[in-house]
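Given the coordinates of chain A, work out where chain B should sit on it, guided by the hints.
Chains as they are written, first to last, in the numbering used here: chain A, 1 to 527; chain B, 1001 to 1315.
Keep in mind that the hints were calculated from the coordinates and are not lab data.
Cβ coordinates follow ideal geometry from the N, Cα and C atoms, glycine included.
One should not assume that every hint holds.
[Unchecked claim] Beta-carbon label-pair distances, calculated as ranges:
(1) A:V220 to B:G1127: 35 to 41 Å
(2) A:Q149 to B:T1265: 52 to 58 Å
(3) B:D1269 to A:N150: 35 to 41 Å
(4) A:L20 to B:A1296: 51 to 57 Å
(5) A:P453 to B:G1127: 14 to 20 Å
(6) A:T520 to B:G1056: 49 to 55 Å
(7) B:D1059 to A:V175: 35 to 41 Å
(8) B:E1242 to A:L224: 33 to 39 Å
(9) A:T147 to B:F1072: 29 to 35 Å
(10) A:G225 to B:S1264: 46 to 52 Å
(11) A:T520 to B:D1059: 19 to 25 Å
(12) B:L1073 to A:A309: 30 to 36 Å
(13) B:L1040 to A:V423: 22 to 28 Å
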Amino acid sequence: MASAPGVNYLNEKSGLMSWLTTLDHKRIGILYMIAVMVFFLFGGIFAMLIRYELFRPGGQLFTGHLYNQVMTLHGAIMVFMVIIPGIPAFLGNFMLPLMLGAKDVAFPRVNLISWYCLIIGSAIIMVALFQGGVDTGWTFYTPYSITTQNGTVWVVFGAFVVGFSSILTGLNFIVTVHKLRAPGMSFWRMPLFVWALYSTAILQVLATPVLGITLLLLTVERLLGVGIFDPKLGGDPVLFQHFFWFYSHPAVYIMILPAMGVISELVVTFSRKTIFGYKAIALSSIGIAGVSFFVWGHHMFVSGQSEIAGIVFSFLTMLVGVPTAIKVFNWTATMYRGSIRFDSPMLFAMGFLFLFTIGGVTGIMLATTAINVHFHDTYFVVAHFHYVMVGGTLMAIMGGIYYWFPKMFGRLVNEFWARISFVLIFVGFNVTFFPQFILGANGMPRRYFDYIPEYTSLNQISSIGAWTIGIGFLIGFAAIVHGWIAGEKAGENPWGGRTLEWQTASPPPHENFTTQPVVTAGPYEYR
Amino acid sequence: MSSATSTGSHFMPFAATEVAKNVDTLYSFLLWASFISFVLVIGGLIIFASQYKRKGQDDKTPYISHNTTLEFLWSFIPFVIFMVVFVWGWVVYYQMRTFPEDSLEVAVTGQKWSWNFTYKNGRNSGGSLTVPVGQNVKLLMTSTDVLHSFFVPAFRIKQDVIPGRYTAVWFKADHEGTYNVFCTEYCGDNHSGMLAKINVVSREAFDEYLSNEPYKGLSPVEIGQKIYAASCVACHTLNPSEGVRPGPTFHGVFGRTEELEDGSTVVVDENYIRESILNPNAKIVKGYPPVMPTFAGQLDEQEIMGLIEFLKTVK
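Bound-form chain A, shown alone:
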């Protein structure tokens, strides 16, 4: 279907219903973007409240009971409703068919259903707020989660429904990658973001059902009193942890693999140079996805699982470090003798490398059994996973948004404010989370609403940093909204990207390409 000039996916139809019933992957991507941004705002407000409470020892705003609910919602929203759908469902949805030279994903209706699963599941999670709240932490460990208030069932059921969003998106992407590549696009000619989405999709399809089953078992135990995890009913609480982490460890890679894919694209385009070690990066995504299924026990070194299991899990976890390190080295090497521009997407990519490297080396510390025993469930772990998930995934989302913004809306985000937002987020992030490594090493446990006075000064620095991040994200959001409505018009390809999504109009027409692109070379041919 050839489009008239000036007609694109944004303006070809209008009205709210044309959006809510759309089957266009690009529009669904935008729907995800709006949903994720709203959820992020909620999760972020909870984060600010947490840091306010922890500014001083003793109760400031909350009782312990209320703090625990805020802490739980921060975690559950950020994990299930922001970071997991953030890159694959939002950026992935928009970019995957474009990068493959396809008209849409393989199953457009399923794609729309995925979005509704996220929205309905999230609404159910929110119902918990009015049903007594939930205070289990996002991990729902038994037997606490069986005995505590009734809101837990709602959150668990909501997360179950959100899980289907993830499963269906993964399924859709796997089929899309296998079936809808443009003529000439072999697997080895796919952009690395596609490789990352493909690896992620495998994890989504294979791991998420385990979470679904686990949460269902938890609900059955709570509502029907069937003994599965509760020792009082003859169950085993540690079994829950095995089930939970069997999903939730791969889920960590559902969060970070697509981010790595984004970084590959950004580093290449802004260095105007072919990627160093294309195959190594592509295969390391698959390698990480594969090994990630066998490392869940590293969350459980002190849980009462056997020492031998602990040692095996430690070994396997070390193995994940290798492909991860390879990627970091390859991105850095790509910049060697490049022609580098420092637009805001590249700043976020470099910020990612800086923060993710810290997240990575502290990950190796945590994978070391003897060290883990001391650091487990302290602020060291909190700092580590924020370095990976915020310093990694959120930096990549922000970089990705700024990079593909001209593609999505035909406009540019104001570069000055984008840079200001980067500086505030990057500096604020380190001020927030670096002191938490020291707090953790000093022994401050996580999920504490109060702490001994010795920990006060580091907590205060951390809180000040958190508010800096908050301001940075608010500025970033304002810049994005402004750019959407009134941003400067962008050219078709403002950054000089070589992948297929830049070979069509910005914003693209309804079915992406007016003529079917034919691929004759790799994705990053800067010769």
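Quick look at chain B alone, frame taken from chain A:
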């Protein structure tokens, strides 16, 4: 002495045990290795960023697709470092998890939101544990409600405390002082208030501490003896010379390796005894009929614990 501030090396708290010092040595190695790796990667990033700024819109860049030698090296060298760290971590972890024979055993019960310590002489102490300096101490821990975790930063030990089973940690404090105990498994409203202290005192002070209060009630062993006489004696002997009864003898039962009906073996430890009391037919010793009734609901935690302690003494 406060154990919370960074009085140890590299931001760690004071190290009060040999194990803690070994953990710190490994940790400082890791810290330096991490620092050097970070400087190499980020140094490279900064140098490339400043050296190869875009000069014009038509800049040409060399087409460098890969370099097998380089890629092999930067895969293999991290792998070797990771393996060194893994093995080193294993060695120290092994030390942490190998329980010395001659330990002072103290029972620990975690419940929302307090820690309770019971000595073998029946002496109970809530919220603080007093132990002699230079003495191996083994804590045998369980919970009466939800998961908790017993964490002593100064000793670098941590172990989840689980309802329905026992877990254990050990330590040997080399320095007198008072050390913080934190709960590190989220357990509800007052999780952050579930604190205790470990007082490490001289041997003399410890002996005085244990004896200056008369026994309150009975020791676990004495409790166990009573239960044995009331409930077990009909089927289990204390000595094979007493004759043949329906169940295996308790003589030397603790630590014994039993062969089960299906041919597998089990070492009789706290968890096995507990299971045999509460779910007797789960693991039947070969040659005995599955006739034992469950005592679930009849014996409480203290009584089960007492029975286990009593069985340890039967040899």
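Evaluation of the provided hints:
Checking the proposed 35 to 41 Å range against A:V220 and B:G1127 shows it holds: the Cβ atoms sit about 38 Å from each other. Between A:Q149 and B:T1265 the beta carbons are some 45 Å apart, a value that contradicts the proposed interval 52 to 58 Å. Judged by the Cβ atoms, the range 35 to 41 Å given for B:D1269 and A:N150 holds: they are separated by roughly 39 Å. A C-beta distance of roughly 55 Å is found between A:L20 and B:A1296, which places it inside the suggested range of 51 to 57 Å.
In this structure the hint that A:P453 and B:G1127 lie 14 to 20 Å apart at CB holds, the actual value being about 19 Å. Checked against the given bound of 49 to 55 Å, the beta carbons of A:T520 and B:G1056, roughly 28 Å apart, lie outside it. Evaluation of the 35 to 41 Å hint for B:D1059 and A:V175 yields a pass: the beta carbon distance comes to about 40 Å. Between B:E1242 and A:L224, the C-beta spacing of about 47 Å breaks the proposed range 33 to 39 Å.
In this structure, A:T147 and B:F1072 break the distance hint of 29 to 35 Å, their C-beta atoms being roughly 53 Å apart. A beta carbon spacing of about 32 Å between A:G225 and B:S1264 contradicts the range 46 to 52 Å that was offered as a hint. A hinted range of 19 to 25 Å for the beta carbons of A:T520 and B:D1059 is consistent with their spacing of about 24 Å. The given range of 30 to 36 Å is respected by B:L1073 and A:A309, whose C-beta atoms sit roughly 33 Å from each other.
In this structure, B:L1040 and A:V423 meet the distance hint of 22 to 28 Å, their C-beta atoms being roughly 25 Å apart.
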